[in-house]
Amino acid sequence: QSALTQPPSASGSPGQSVTISCTGSSSDVGGHNYVSWYQQHPGKAPKLMIYEVSKRPSGVPDRFSGSKSGNTASLTVSGLQAEDEADYYCNSYAGSSTYVFGTGTKVTVL
Amino acid sequence: EVQLVESGGGLVQPGGSLRLSCAASGFPFSRDYMTWVRQAPGKGLELVANIKEDGSVLYYVDSVKGRFTISRDNTKNSLYLQMNSLRAEDTAVYYCARDYYYCIDVWGKGTTVTVSS
Numbered sequence: 001q002s003a004l005t006q007p008p009s010a011s012g013s014p015g016q017s018v019t020i021s022c023t024g025s026s027s028d029v030g031g032h033n034y035v036s037w038y039q040q041h042p043g044k045a046p047k048l049m050i051y052e053v054s055k056r057p058s059g060v061p062d063r064f065s066g067s068k069s070g071n072t073a074s075l076t077v078s079g080l081q082a083e084d085e086a087d088y089y090c091n092s093y094a095g096s097s098t099y100v101f102g103t104g105t106k107v108t109v110l
Numbered sequence: 111e112v113q114l115v116e117s118g119g120g121l122v123q124p125g126g127s128l129r130l131s132c133a134a135s136g137f138p139f140s141r142d143y144m145t146w147v148r149q150a151p152g153k154g155l156e157l158v159a160n161i162k163e164d165g166s167v168l169y170y171v172d173s174v175k176g177r178f179t180i181s182r183d184n185t186k187n188s189l190y191l192q193m194n195s196l197r198a199e200d201t202a203v204y205y206c207a208r209d210y211y212y213c214i215d216v217w218g219k220g221t222t223v224t225v226s227s
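Chains as they are written, first to last, in my numbering: chain A, 1 to 110; chain B, 111 to 227.
Since the hints were derived computationally from the structure, they do not count as laboratory data. Here the structure is a predicted model, which is why all the values come from computation and not from measurement. Think of the CB as a built atom: it goes at the ideal place given N, C-alpha and C, for glycine as much as any other residue. Possibly wrong hints are sitting among the right ones.
As the list claims (entries may be wrong) - Quick list of simulated restraints, FRET-style, between CB atoms:
(1) B:T222 with A:P8: 21 to 29 Å
(2) B:S117 with A:G95: 31 to 39 Å
(3) A:S17 with B:K153: 24 to 32 Å
(4) A:D62 with B:D183: 35 to 43 Å
(5) B:R141 with A:L110: 42 to 50 Å
(6) B:G125 with A:G59: 41 to 49 Å
(7) A:T76 with B:K186: 36 to 44 Å
(8) B:K186 with A:E85: 33 to 41 Å
(9) A:V60 with B:K153: 22 to 30 Å
(10) A:N33 with B:D172: 24 to 32 Å
(11) A:Q81 with B:G152: 24 to 32 Å
(12) A:G95 with B:G120: 34 to 42 Å
When you get a sec, could you build the whole thing from the sequences and use the hints?
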């Protein structure tokens, strides 16, 4: 399985919005509504931010939202805050109990 | 509180072995799929292996097949990863995580494995 494609970087000023794309294929992103997004700060473990394309776990701010169209999923962070600066990874179920991760996007708050 | 705590990482020479352990608490471990995910220095996340609640192995990434073995002991709420014939490219932080209804939702803090002579 090939990694899902994400842009290496994205940035925005405080209060602005940033959207990260995650492109796969009909075997993963396009074939299942099981896309997750993770936030990872340096030296820390990934934290689940979005699951099942657009659902937020308890405790995740509603500034984080997810969507999907065809083989591409997206994560939008609205009202950017300094603490949102981190690496973000998408993940998709790919069938047969396997998962594929995205290449990762570094979000910088200017 | 749901918690996963990994241990067993360290420095090992190429060709050597290590056994990683993961202690789970705060959820019904025996009912859930579990997984190991790794992250090489400066790189992205990679699913290494996952296992059903009954101990049936679901998946190994191609690069570890025949060298790594995932297992679990539901009586001890523990997950394991036996790593043999280690290579430099296995150097990574290894995370234990829960695989819950098509989502890897809970992660441990990770344990570092360094393969170097």
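Structure-based check of all given hints:
no. : hint                           : verdict
1   : B:T222 with A:P8: 21 to 29 Å   : holds, 24 Å
2   : B:S117 with A:G95: 31 to 39 Å  : holds, 32 Å
3   : A:S17 with B:K153: 24 to 32 Å  : holds, 28 Å
4   : A:D62 with B:D183: 35 to 43 Å  : holds, 40 Å
5   : B:R141 with A:L110: 42 to 50 Å : holds, 45 Å
6   : B:G125 with A:G59: 41 to 49 Å  : holds, 44 Å
7   : A:T76 with B:K186: 36 to 44 Å  : holds, 42 Å
8   : B:K186 with A:E85: 33 to 41 Å  : holds, 39 Å
9   : A:V60 with B:K153: 22 to 30 Å  : holds, 25 Å
10  : A:N33 with B:D172: 24 to 32 Å  : holds, 27 Å
11  : A:Q81 with B:G152: 24 to 32 Å  : holds, 25 Å
12  : A:G95 with B:G120: 34 to 42 Å  : holds, 35 Å
Figure legend: structure checked against the earlier numbered hints; every hint is met.
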